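Line order of the protein sequences matches chains A and B.
Residue numbers 1 to 332, in this note's numbering, belong to the letters of the first sequence in order.
Residue numbers 1001 to 1327, in this note's numbering, belong to the letters of the second sequence in order.
Hints in this document: simulated from the structure, not taken from any laboratory.
Predicted, not measured: the structure shown is a model, and the values here were computed from it.
For each residue, glycine too, the CB sits at the ideal point set by N, CA and C.
Wrong hints could be hidden among the right ones.
Chain B side only, calculated, beta carbon under 8 Å to chain A, not exhaustive [claimed, not checked]:
1) Leu1015
2) Leu1019
3) Arg1053
4) Ser1057
5) Arg1147
6) Gly1170
7) Gly1248
8) Ala1249
9) Val1251
10) Ser1252
11) Asn1253
12) Val1256
13) Gln1307
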Amino acid sequence: MTKKTNISRRDFLGTMTTATVAGATMTMWAPKEARAAGKMNLAFVPKALNNPVFEVTRWGAEDRIAELDGDISFRWVGPTTTDAAAQAQILDDLVIQGVNGICLSCNDPDALIPAINRAVMEGVTVITWDADSPSSKRATNVSIDQEAAGAEAGKIIAQLAPKGKLAILTGTPGALNLEQRVAGFRSVVDQHADIEVIATDPCNDDVQRAVEIVEQRINATPDLASYFFVGMWPFFADLKTMPQLKAFVDRGGKCVSLDALEGALNAVDQGYCNSLVGYSWWGFGRTAVDVLVAKIRDGVDPADPMFTELFIVDESNIAEYMTKQAETGGRF
Amino acid sequence: MAMNAQPETQENNSLLANLWERAKDFPESRLILAILIGGALLAWQAEVFLSGRNLRSVMLAISFSAIAAMGQLLVILTGRIDLSTGSTMALSGMITALSLVAGVPVPIAMAIGICVGGIVGFVNGFISMRFGISSFIVTLGTLQVARGITVGLTEGDTVSGFADIFLFIGSGRVAGLPLPVWIMLVLLIGFTIFLKYTATGREIFAIGGNETAARLAGVKVSRLQVLVFVIAGMMAGLAGVLLTARLGAAVSNASVGYELIVIASVVIGGASLSGGAGTVLGVVLGAMLIGIVNNALVLLVVPTYWQQTFTGAVIVAAALIDQMRRR
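Next up, chain A with everything else stripped away, as it sits in the complex (with noise of 0.2 Å):
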């Protein structure tokens, strides 16, 4: 006896169509190049493809790999939003296509690392850049010192402001990068009895959240001496529309932000924050590419981790970087 299935016309069609059309587009953005032989095929993976500064690393990418001899293929694949999952399937389905090389900023240190290690595995040469994952076997982290980085901030925010009330804004909490950039900061100004911090306030890497809350945060706090973005968060804003923060400063409340990229600097142009502490999200694109091709061309063993410099921004030098960023479009 066999049981006979009913499908109607318009749901069959229906199908056919929803499978062609996948079908055709899965085609139509499958890899080519993986598929060729002695060519090496790179693939960087930022934690969203919605956030401005990782595309500052795949310019740096892009750069390098026009500079090297060789052929060398590039993509930049993501999530469309932060997320951890999706990123791991990612990271499977480029070996299943036949990369050589992966590059990843991870949403999760923990939740990436069954995805890293299988790849691995495969014979694929991972590394991370900005967000690492030190357990997995990820061949190194190209990054900066992000307690150092906020040590620096807190040096500079002892410095300008060395008493009275302080607040932090963060991004997402338990984010490793922001955690470590925060106990680096809170490790020097927690030495200096006179510095309060009074609030933690997370954003959730939302830029009109941000707003709000440094708004709200000034508004609040009338004897507030000083701010420290742990990200850059607000200045992805326009500048003028956080006259809270610009009048903030003008009454003599210092702030301080990581990061220096171009909303950044605008920012310590215009006079709605006082330092910048910076490194080169361009750098580490470049850099990256150069330890993976080491890698896997020659076999060399990067070094782990593999820090980028930090450079500090304010009054004295921002013309310099201003003109820099003019010339470059934020190629630096």
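With chain A's structure known, arrange chain B on it following the hints.
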């Protein structure tokens, strides 16, 4: 004198009892009470809560979610849901931003952004009604599509550099209040009149109450349902455009997860997720409660790692209070 005092007291007591009975019948009374008590407690703990600057900041933050929530209310009134709100906001804001930097005049760029929201809404409504697919699934899909287009258009980059007049629309003050707050208030009145005093508004309630009965009564359910999704999309689009004006920048990760805030505002405001019940005033009050909770996180310096728990607990408590009223 003593003889007269007793009847007077009795009269006062009966007046209060009468007022209390009337207030109990007013659908939003408990929510208003919750906001007043919460506000009073907050003001007691942090004087600055009642300062003009703080209240303006809170009202501005509320206005975006309240505007998007008014559109969501219509969808929920019909017994459906729109999960694409946050992504639609981001897409509309981004399209407006790109139009502005391309030299399109501000009013036209804003209209384009709002229309983009309407198009997303039309897609939601049309696919949902034409093919009988659950709005939950369709809007879950368009949530991804709209976000994907937003990211794809700029490759994750931020778009900024707008004319001052656009920034004024996002946060400039008119008669002491930020412009988006005035827009929210006008929409509050407009949507209330629409739902209460027009045949179309009553038909929307009828669909949510009993769709089959509404159909048999001659309501063009499919057409009206598509219209509801279009309005919801346009409201999300307007909120997204205003949010872009408020920030002076369009960021592709704007409004991620905003749909949950919007849906929570509608439900806290007393709307039934199964449709047929809800008010526009309730939605605005729901958004207000969430806005005050967010403000409390800052003013009361709620510990960083406990903020989500605090927010979630208040939302559940508000829903419970509303449920108790219904019983």
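These are the hints, each one checked on the structure:
Among the interface hints, the one on Leu1015/B is violated; its C-beta lies about 40 Å from the nearest C-beta in chain A, farther than the 8 Å criterion. The interface hint given for Leu1019/B is broken, as the beta carbon of that residue sits about 35 Å from the closest beta carbon of chain A, more than 8 Å. Interface restraint check: Arg1053/B against chain A, minimum CB-CB distance 5 Å, threshold 8 Å, status holds. Nearest Cβ of chain A to the Cβ of Ser1057/B: about 5 Å, under the 8 Å cut. The hint holds.
Below 8 Å, beta-carbon pairs count as interface contacts, and Arg1147/B has one with chain A at about 5 Å; its hint therefore holds. The interface hint given for Gly1170/B is met, as the beta carbon of that residue sits about 7 Å from the closest beta carbon of chain A, less than 8 Å. The criterion of a C-beta within 8 Å of any C-beta in chain A is met by Gly1248/B, whose closest approach is roughly 2 Å, and the hint holds. Checking Ala1249/B against chain A: minimum C-beta separation of about 5 Å stays under 8 Å; hint holds.
A distance limit of 8 Å between C-beta atoms decides the matter here; for Val1251/B the minimum to chain A is near 5 Å, and the interface restraint holds. Annotation: Ser1252/B was flagged as interfacial toward chain A, and the flag holds, the nearest CB pair being 4 Å apart, inside 8 Å. With its C-beta approaching chain A no nearer than about 4 Å, Asn1253/B sits inside the 8 Å limit, and its interface hint holds. Interface hint at Val1256/B: satisfied, since its Cβ lies 6 Å from the closest Cβ of chain A, which is below the 8 Å cut-off.
Below 8 Å, beta-carbon pairs count as interface contacts, and Gln1307/B has one with chain A at about 6 Å; its hint therefore holds.
Hints 1 and 2, counting from the list given before, are not met by this structure.
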